[in-house]
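Protein chains: 4
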Amino acid sequence: MRKLRYAMVGGGQGAFIGGVHRKAMALDGQMELVAGALSSSPDKALASGRELGLADDRNHACWQDLLDDELRRPTGERIDFVSIVTPNHMHYPVAKAFVDVGINVVCDKPLVHTSAQAQDLIEAAAKSGVVFAVTYNYTGYPLVRQARHMVRSGELGEIRKVIIEYNQGWLSTLLEGSGNKQADWRTDPARSGIAGCIGDIGSHAENLAATITGLEIDALCADLTTFVSGRKLDDDGNLLLRYTNGARGILISSQIEIGCENDLRIRIFGTQGSLTWQQENPNRLWHAPLDAPPRLFTRGSPWLCAEAIKATRLPAGHPEAFFEAFANIYAGAGEAIRARHERRSPAHLEADFPTLQDGARGVRFIEKTVESAHSTAKWTPF
Amino acid sequence: MRKLRYAMVGGGQGAFIGGVHRKAMALDGQMELVAGALSSSPDKALASGRELGLADDRNHACWQDLLDDELRRPTGERIDFVSIVTPNHMHYPVAKAFVDVGINVVCDKPLVHTSAQAQDLIEAAAKSGVVFAVTYNYTGYPLVRQARHMVRSGELGEIRKVIIEYNQGWLSTLLEGSGNKQADWRTDPARSGIAGCIGDIGSHAENLAATITGLEIDALCADLTTFVSGRKLDDDGNLLLRYTNGARGILISSQIEIGCENDLRIRIFGTQGSLTWQQENPNRLWHAPLDAPPRLFTRGSPWLCAEAIKATRLPAGHPEAFFEAFANIYAGAGEAIRARHERRSPAHLEADFPTLQDGARGVRFIEKTVESAHSTAKWTPF
Amino acid sequence: MRKLRYAMVGGGQGAFIGGVHRKAMALDGQMELVAGALSSSPDKALASGRELGLADDRNHACWQDLLDDELRRPTGERIDFVSIVTPNHMHYPVAKAFVDVGINVVCDKPLVHTSAQAQDLIEAAAKSGVVFAVTYNYTGYPLVRQARHMVRSGELGEIRKVIIEYNQGWLSTLLEGSGNKQADWRTDPARSGIAGCIGDIGSHAENLAATITGLEIDALCADLTTFVSGRKLDDDGNLLLRYTNGARGILISSQIEIGCENDLRIRIFGTQGSLTWQQENPNRLWHAPLDAPPRLFTRGSPWLCAEAIKATRLPAGHPEAFFEAFANIYAGAGEAIRARHERRSPAHLEADFPTLQDGARGVRFIEKTVESAHSTAKWTPF
Amino acid sequence: MRKLRYAMVGGGQGAFIGGVHRKAMALDGQMELVAGALSSSPDKALASGRELGLADDRNHACWQDLLDDELRRPTGERIDFVSIVTPNHMHYPVAKAFVDVGINVVCDKPLVHTSAQAQDLIEAAAKSGVVFAVTYNYTGYPLVRQARHMVRSGELGEIRKVIIEYNQGWLSTLLEGSGNKQADWRTDPARSGIAGCIGDIGSHAENLAATITGLEIDALCADLTTFVSGRKLDDDGNLLLRYTNGARGILISSQIEIGCENDLRIRIFGTQGSLTWQQENPNRLWHAPLDAPPRLFTRGSPWLCAEAIKATRLPAGHPEAFFEAFANIYAGAGEAIRARHERRSPAHLEADFPTLQDGARGVRFIEKTVESAHSTAKWTPF
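Protein chains in written order, with the numbering used here: chain P, 764 to 1145; chain L, 764 to 1145; chain H, 764 to 1145; chain S, 764 to 1145.
Note that these hints are calculated values from the structure, not bench results.
A few of these clues could be false.
If chains are identical, the list can't say which one is meant, so a pair holds when it fits in one copy or spans any two.
Calculated pairs, DSS-like style, for lysine-lysine (alpha carbon to alpha carbon, straight line, at most 30 Å) [to be verified]:
1. Lys766 x Lys944
2. Lys1073 x Lys807
3. Lys944 x Lys1073
4. Lys995 x Lys807
5. Lys1131 x Lys944
6. Lys995 x Lys766
7. Lys766 x Lys807
8. Lys890 x Lys807
9. Lys1131 x Lys1073
10. Lys995 x Lys1131
11. Lys807 x Lys944
12. Lys1131 x Lys807
13. Lys890 x Lys859
14. Lys944 x Lys859
15. Lys995 x Lys859
16. Lys995 x Lys1073
17. Lys859 x Lys1131
18. Lys890 x Lys1131
Note that this is a predicted model, so its numbers are computed, not measured.
With the sequences and hints as input, model every part of the structure.
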């Protein structure tokens, strides 16, 4: 099976998430970086590409050059997909351009700045038939897939309540403007969009809950706050949620909670049992049935579902973590891309990744949260 | 030092919390039960009193008889205080009657059904000069007192966010009407009041947060739900809180979260650090400073504050738990009662217990939460 | 049901464990202190008794006076049992004297200094027919009883391996001689016996394993060390164990492990599953079956065995701890004492406490451990 | 920087650890597989190589062919190192052959079957000047390096006690002979060597303790057991250790502890503090100082040592795990190999990997443990 060839847009020197994407792809040896436009600064773009060993004729100063060059190449040489890892504001123009010419896309989250842009991408992708994955990476964890399986197969009964938290503390002081590139763009409305914390990590929380439960938000009530003086976007957001099936939700998202690192967690309560999972110790999933002692599922155990086993590389007790979950998203997109090449349906168990629909719903979540935060009405319909 | 003599109202056969109060008082050997009216059913009251070894002339069929009898006795024989452990609806009439005649009161929570009743008690107590304690027992834990000390002394800086949870699952099915006495009265508006879950346990959560932080709620936004079909009161409540200092809060309270037993927890985030405590493992308190590794305080450690050490009976690693915390509330009330007897100021470190003001604020919390739950406005002023 | 009357020997001002015994007995309101000889120093004995409210004629300067006085009293006034909470060296003479005259005894551990003394007590108790309990208090925890039930009823299959640890760190520096009364006598051979750490806490570990598993030690191999310069007894002991059924054991016992408070734990592995329990968080018991996810038993759950439920006072999630476990030992002894009074067999489920046989085996364990520590042979037969 | 080229011996279809090595190497994109002899079965070797995309002329039926072919190639094409991931019995002949011709080696553990073989390799490597790394992968965890730093820099004071455990349960039934390839060779003396459990995982435990503490074993006392009927090697081993500095150790190693997955842990106690680390949750390290609350170090925190930060790819809270630790071993060997190419000293901070000395000591540990297990003397000198 030949490796899939990809180009990367963004992710050059000083970036964080681009390197994570590359390592995640490297892990399974199924993808190779062959081209790139790795920074919005032309010089840095070229220097970054050289550092990564790109051939000079595939190392570009800007993403338009990359796209032009790809289109000139014969199909057999062309990239199989582009991986977009820029700050948020560049997602839309880059993704749109590649989608329009039929090149598959993997794009970081949140997808774009507006629901109109998201809708535009959905239509463009439908037209060109590309595979489009959004790297809500936390859904790649095997035990998230186990949780999804258990909820969807009814093991918890009817879902009544969901508590989703994404607790961070790294922005509890005014880090932006002090040379921290990550803090800079994430707190800058021009690059990050209308939301800070709620867009950066709240959207992950929304996606995790939706992926596992399949519940649809009916209405939400948000309180967004900017605690750190001088900051331009929210750094803390708390929501009450009502789902269309009558379930209730709480979503907590913060970047000023000192002592919290990357504490994404979810608790799901149904009429027959509950589940609890925490990203920082991702190899464990608690299941509490209604009438029996709680039990602990560990990654790699033989009693897990096929989706969880498929997403696992190591035996139980040999912990897998962030990179492996990320790699699972790429593995899923990769299967869909191969299936497109081969004009077949992707293998259901394998083509498991967040889609444009997830991305669009995530954008809507951000918009509605900000709308609610400015509203005096309790409930903002979703 | 002679033992304090007390009478109990409520807490007879089949009751739960009365026995807890008695054991808590027995632990330190500073109080003795000498009289009682232990049930609203006269026969059960008398039978219960006999079982507990009450003398016949101090074992009463109803609380009015108890009160009459006490008033007839010479001071030296009279009870030092009455402990009221009935269902909620009886708190007000009983407490009022004892307060009016100058007998000290320890009363279970929530204090009464309405803010008007609470105000009435406050005024009556001011007039007669009695000691009045409300058994918000969870504030008796040594590490809750450590947390209070750390917040109040500024170790966390300015408080920005409080997350309080009280997660239970025991009412996830329709337990009332099936012979479970606890479920019966707690879900019955006539005995429990206008709220179910939010009154029964949400009020503990409110009190814990207020006790530790001293923050005042400015406005709240509540979503109350009754999940179990056939139930008359809420069994799940989630709130957004705004405090007068600008801090934000989330309060989660539920009795339908399967897998949760008595999971009261609190997280407090300030500008300089955070604290985390869970009632089910109460001998541990996490402190995460802004710029240093998180550290774990354990009960019994020499580096704790005087209030926490005072509230401790055993060395570190010899766990203390629910009864001991409860006993600390009584110990605090006991010191205040002794001070009243001796016409002196109570020792500050010792007379540490929730007061009528706590009780009144708790009633207001329930009222405002229910008001918000019925409101279409986002924020209900507190 | 009248309260049982007891006298206490030891446990006066400055003592630690005597107060624990008293509180444990007070908790359930079934026992009352009526007499005492509370210290080996006559003045301190009398002062301590006054502080505890003993009548002058039952407050004695020495235990012999106490015994004489009791024998002079009519049966209806006499104590039901004596509680011996002195340093170890006094256990034997006091216990022997009371046993010989037919007074029931509850005695702290380790029982006595030598196996000969233990045998002597066994014979004396058989002759006089007294109830004799040894307060290996950790076996009073409800989940220890659950563990015992599960092992004894075969849920783990044949036991293969036991790992018992008792990790403490409080003696990691030379605390004795600095005014710490507990450190003083526990490290003094005259009062503590031939062993330090292994006698003080190792014997608890031995008892916990024996109580739960019923396995008999066939041979042991011990390494005892005194780490702290100037100390007279061992402060660290590690053993390999071989049981008569072929199972293997490791016993770790230390008082120089900094960071450990009172960390008694046990893991038991059989052919069909395993159990894990830790004293510092005693309301949880892990059970890992051979072919299913591990599950967590919590105290107060309805699926526990009758013995565990019997030993429980509070619902699940309302933690019980050290005092309550201790009280369970006394409750068990109390039932046996009442049965003796009433010339009936004690109720099996209730008369659950460590006996002279446990005490004697514990003494033998200490002797054999010290013997092995001095031996060049790998295995010392037990 | 060009990628290092490597060949792999072993690790073909059906193997476990070979794939782990490849993924670990792939993660950082610094190494590429160019040649191989992937199985002892020629057909399987070739099929495995084709699956991995090896060029036909570098895909060999046996390791001798691989070696011959490499020697024929010009230096610029030749592999930079060979990765040996066969069952244990093949380590020696393969490693020896490559070392002798000056090709760098990365070899799985335990290094070889006998101390004589180990000594032979040490001498051969000294002669040819190759880099030789042994993949004791658990020492690659960032927080293991933090622990090593803290111990070596004296933060714990003088080390008194080490407790090392490697608890597994997967061999609690007779898995070998049932088609489980991993169970088959690990329990087969011909391929695994003189020890089962103690060689397979006990040697990891030994290495972890030695790496962190630098302590040297003076004598050991071992109890090895084969619990599962029909098994040819030990499946459980427990040791008492004495170190040359007077410290004591316990080493527990088992493959019959049901409920344990890959539970490698270590506790280290010194005169000034202690450390606790568990492999299954490797992003946390406890430090308990003598006179302050215990604190938790998390991977990625700014207050860690340079070695720990160097070994980290993701921010705190984004968990890293087994593959990343493994990759750190390869990164260390890679730096040493590059330094050899460039005739310079390797960068101290980077060339951090277990060496032939570690491998040789590990072999000696296995030999001495087996010797002790057969001895009636308590202590077997190391």
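Verification of the hints:
no. : hint              : result
1   : Lys766 x Lys944   : between (33 Å within a copy, 29 Å between copies)
2   : Lys1073 x Lys807  : between (39 Å within a copy, 24 Å between copies)
3   : Lys944 x Lys1073  : between (36 Å within a copy, 20 Å between copies)
4   : Lys995 x Lys807   : within (27 Å within a copy, 61 Å between copies)
5   : Lys1131 x Lys944  : within (28 Å within a copy, 44 Å between copies)
6   : Lys995 x Lys766   : neither (43 Å within a copy, 43 Å between copies)
7   : Lys766 x Lys807   : both (27 Å within a copy, 22 Å between copies)
8   : Lys890 x Lys807   : neither (34 Å within a copy, 45 Å between copies)
9   : Lys1131 x Lys1073 : neither (35 Å within a copy, 42 Å between copies)
10  : Lys995 x Lys1131  : within (19 Å within a copy, 33 Å between copies)
11  : Lys807 x Lys944   : within (14 Å within a copy, 50 Å between copies)
12  : Lys1131 x Lys807  : neither (37 Å within a copy, 57 Å between copies)
13  : Lys890 x Lys859   : within (12 Å within a copy, 61 Å between copies)
14  : Lys944 x Lys859   : within (26 Å within a copy, 49 Å between copies)
15  : Lys995 x Lys859   : within (28 Å within a copy, 54 Å between copies)
16  : Lys995 x Lys1073  : neither (43 Å within a copy, 33 Å between copies)
17  : Lys859 x Lys1131  : within (24 Å within a copy, 50 Å between copies)
18  : Lys890 x Lys1131  : within (28 Å within a copy, 53 Å between copies)
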